[in-house]
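Line by line, the protein sequences give chains A and B.
For the first sequence, my numbering begins at 15 and goes up steadily by one.
For the second sequence, my numbering begins at 95 and goes up steadily by one.
Take these hints with a grain of salt, some might be off.
[Stated by the list, open to error] Listed below are the simulated DSS-like cross-link pairs for lysine-lysine, each with C-alpha atoms no more than 30 Å apart in a straight line: (1) A:K28 <-> B:K123; (2) B:K123 <-> A:K27; (3) A:K94 <-> A:K27; (4) A:K94 <-> B:K123; (5) A:K94 <-> A:K28.
[To be verified] Which residues of chain A face chain B? A few of them, derived with a C-beta cut under 7 Å, are: (6) S24; (7) K28; (8) E97.
[Unchecked claim] Partial selection, computed: residues in chain A whose CB lies under 10 Å from chain B: (9) K94; (10) R95; (11) F132; (12) R158.
Since the hints were made in silico from the structure, they are not lab data.
Don't be surprised by glycine CBs; every beta carbon is placed ideally from N, CA and C.
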Amino acid sequence: MLYIERNVMSFEKKNTWIYGLTAVLSAAAYFAIAGSQIPTTPVTQIDYIVPMIAAIAGSIVLSILAIIAVSIAAPSEADKRDERDRLVNRRGDQVGLYVMSVLAIVPLGLAFAEAEHFWIANSLYLAFVVTAVVSSLVKITTYRRGF
Amino acid sequence: MVRPTRVTNDIRRLRFEHTEMTQAELADKVGVTRQTIIAIEQGRYSPTLEMAFQIALAFGVPLEHVFQYPDKE
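All chains, full assembly: derive it from the sequences and hints.
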């Protein structure tokens, strides 16, 4: 019947999935590389800076490419957002801000304790990743359950 | 699933009565995404007053013909 249509994801919801997944994938790749060296190499000698920058840049590039692919696949829906999308985004970002505020205590504490830069940088990066994942999950759940 | 809003609506019926208007057509008239119209129809999203008026205008009916709110707890 014409008046009930298939419920496909909105452009913004697809973006939310892309943002969350690319954050997880890039972080998993980074921690697999840097983390695997911890048991065998002193942390002062682990080259984590280049892999971390590569993971962050890779995540941004990957998400841009995915958004371009999604836009090409459904050009009529591309870049469409409305009040519901803005409210969902606001809710997710708000929770993300709370999570980041709490998690930022860890690198701050490590800096106060004069821990190695490796641990401070990695705990901060992990905080960003967790924030991105939680924020994305809140948005996806809000889209699904409604409000 | 528990409905997150107590606001109910007759959008689906009104679309049917208006030459079987599709969700996409209504979304275009109101200037929102089709998924938002679906969410409103399913009671998963309670629109702002402004969007509610725009939906009523799209059907050419008063607001209360589109949206209802139960008067009992």
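Hint check:
no.	hint	result
1	A:K28 <-> B:K123	23 Å, holds
2	B:K123 <-> A:K27	22 Å, holds
3	A:K94 <-> A:K27	11 Å, holds
4	A:K94 <-> B:K123	14 Å, holds
5	A:K94 <-> A:K28	11 Å, holds
6	S24	4 Å, holds
7	K28	11 Å, violated
8	E97	6 Å, holds
9	K94	5 Å, holds
10	R95	7 Å, holds
11	F132	44 Å, violated
12	R158	8 Å, holds
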